[in-house]
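Q: The whole structure should be built from the sequences, with the hints applied where relevant.
Line by line, the protein sequences give chains A and B. In terms of the numbering used here, the first sequence opens at residue 642 and continues consecutively. In terms of the numbering used here, the second sequence opens at residue 11 and continues consecutively.
The hints are simulated quantities; they were obtained by calculation from the structure and are not laboratory data. Treat each hint with caution, since some may be false.
To be verified - Pairs of lysine-lysine residues, derived as DSSO-like cross-links and limited to a Cα-Cα distance of at most 30 Å, are as follows:
(1) K1062(A) - K849(A)
(2) K1245(A) - K1204(A)
(3) K1120(A) - K105(B)
(4) K1062(A) - K71(B)
(5) K1186(A) - K105(B)
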Amino acid sequence: MISAIRDPRSSILLALLLALDGCRAERVPSSGDTSAARAAVATIAGARVGAPAPSSDSGQWTMPAKDFANSRFSELAQVTAQNAKNLRQSWSFSTGVLRGHEGAPLVVNNTMYVVTPFPNVAYAFDLTQPGAPLKWKYRPNTAEAAVGIACCDVVNRGAAYADGILVYNRLDGHTVAVRATDGTELWDTALGDINRGETMTMAPLVAKGKVFVGNSGGEMGVRGWMAALDLKTGKELWRAFSTGSDKDVRIGTRFKPFYASDRGTDLGLSSWPGTSWKTGGGAVWGWLSYDPQLNLIYSGTSNPGPWNQDARPGDNKWTCAILARDADTGEVVWAYQITPHDLWDYDGVNENILADLPIHGTMRKVLVHFDRNGFQYTIDRATGEVLLAKAFVPANWSADFDLTTGRHQLVPSKMTKQGAKTTDICPSLEGGKNEQPAAFSPRTGLFYVPTNNLCMDFEVRAVSYIAGTPYIGANAPEKGGPGGYKGEFMAWDATTGTKRWGIREPFPVWSGVLATAGDVVFYGTLDGWFKAIDAKSGAELWKQKLSSGIIGNPMTFLGPDGKQYVAVYSGIGGDMGLLIAGDVAASPSYDVRQRGTTLPDLAKFTSWGGTVHVFSLP
Amino acid sequence: MSAVIGDRCSVFGFLLLGMGAGSAIGVQAAPDQRVPITDHRAQRAALRVCSDPNNLPFSDKQGGGFENKIAELIARDMHARLEYTWSPQRRGFVKRTLNADECDLIIGVPIGYGLVTTTAPYYRSSYVFVSRAGSAAPRSLDDPQLRRARIGVALIGSHYQNTPPGHALAARGIVQNVVGYPVYGDYAKRAAPPELIDAVANGEIDVAIAWGPVAGYWASRRRNALVVTPIAALTDSAALPMNFEIALGVRRGDTSLAARLNDILARNRRAINSILDSYGIPRAR
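A: Below is the structure:
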């Protein structure tokens, strides 16, 4: 058994019952009181999206997370709790790519844009025609060698649209822009070097005529960075590193971190031994958000790399951190290191959702972040002050969180160490939540969060081999956390750090979430079910089994016929898809997680293959 | 089927036939469960090898690596035609090659490598120190000069994972003076020495701790400039071997091909050793 679990959730009895019935999703109220299950939860009055999209855009979906706030909330309300049961597929399209389909389509001017995993093909579908035929297809010349570099499948998290331009990243470290009307390539800017382990998988954010992008490869000895490109020309306007000198990080006179341990000069150098900051990770591979009023871009940075922890004593700044940068200059205005000196691969790249929420009776402009480390942080987005940090999944590496220092008190027995075995660390290196983005509904004031319930051991393992070089790998076999289920879709109150309800799933919930003004939220499961849920009660309203597991993010739009459509990718893969057992197992040799044991039965339910599915009411 | 080709070839042709069919029903299937199907490849005996197109001294697309020479030797011994599938030996190499039925043989894998079935080892090498001629080479991982010297090691690039010398240095608290270099070569260049070795030659670092074959080959091309000193200790701790035995790798469970290759290795030991010598591959006992 796992001891000292900080489980904010239901009773042990309920957990045991679920353990006996772990292969079926089951809705459980956080209290464990089943009589409360059907009751609608109280909404949080006054909650607002922090940087909403203009209402002229309500029928479109022009950027990865719907708006600058990353709310993934749509004002469309045709699909309701009453009629969601009538949803049916309108059309679908195979992308022709087998690997993991993260991200979401965009819809602009009655055209749907889809970007595939490597080789990063872009499709434009004409929504005004029956069956949505292709307007154009753009196939860039993405270097195949990038396939062996990417850590966690060859995913792409989608494109951004602005001013008639569709812009996205290629796995081989290029950002490309194509004319939205005809797919003509406008520019192609090389930013990352695959020979140094750099790839690009994140979705750009476009604001103020600038394209904001970052690199992937935190394990590979890359040095993380974020760059701003000119939308019209692709010219690099500035690049800001996650490690190194204040100058390189773009820390200057405006830098005012809230916590003492984040203050100082050149911490990106001094919190590392020697020159290890040069290969220190801190990749910027997650979602970006933007507050136009504060003119701040919020980004998260990945784990430190590529050494084991004994080789990098110090806080390893600015890895596993949230940075707020001036959108024009890249200057850091505040930074908060979520997991200093990371021991568990708890990247800090998960989305930062901007919301205005009543906290202790006062409306606060906050950023809500569900971290890999299992804690939900509500942070003042102007100052970086942590207003609360609460575990949303079992998180036994932390004994306590200190609001005055912004740091956790670590549990020594859960600290990994090279050459030693550490057991039952929760959450696992996949995190309480990974890149799969949550959504926020201002109507309920709640966050809808796809989570993992996974724990891991850490140990040294057998011989590995790469590029002609043998070495000894580490092993971090993962297992379901307490309760016998491996994922949970939950409604979360970030004003208090409490769960309102949850739907337990036999597999980690690795899709993103869509929230709508019809008070219906959508998510998908690794075994291929696409589900519509009542945003208030958590009741399942509708579900449809798709052709492959779902790791994409649902979105919604208004068709030219005036009807609301909901779209999502199926296409198992990504970090979780690499763990499927059986004949679709695809894990690379030196992956620290054990193949086949984490999700042993997933291959019974799904296999590879990318498809975009579009649903509507009859 | 294979009646038209010679005795040895027919044996090998049959093996190929079985393996082609095997992949169709999943790589986990035991050889005796495989259903023979008509496979054009079985009509001609070919030794199908997967190899990195640009990773000297091991292999390159021009056939310039020692693994290319060993593949040629094996193909000659089998009277088979050598067919390459080129794939960078990076993440997912075995999945993309052996397990995708792109080939039947990988020329170099360490003993104990779980993704493939290995033959008997055909050489053993060790991690080595590479230093400049004229400077004192470290004698062991406990040599006091390692606390002062600027040391380079290869970065593996995955969670928690480093080369054994990288771990061994960290365990000794030697961290301030250690620099990581990409384990991958630059694919934009052909036959370029790794940055790690170049860094010693150009004075960027004092000592590299590199895998023997990589160090031995590139240092032998700068014979007057670089000195290679093997790490004599077999292991640094129970979990950290400094020596590795290298074998041929076949699809997991393909014991019949492995047995055939073992026979070829045994009969060609001297020729293989002379190939390794000609590439300056340091060998450990």
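Q: All the hints need checking, so say for each whether the structure fits it.
A: Here is how each hint holds up against the structure:
1. K1062(A) - K849(A): The hint is violated at about 50 Å.
2. K1245(A) - K1204(A): Not satisfied, since the Cα-Cα distance of roughly 36 Å exceeds 30 Å.
3. K1120(A) - K105(B): Holds, because 24 Å separates the two Cα atoms, which is no more than 30 Å.
4. K1062(A) - K71(B): Violated, at roughly 42 Å.
5. K1186(A) - K105(B): 29 Å, holds
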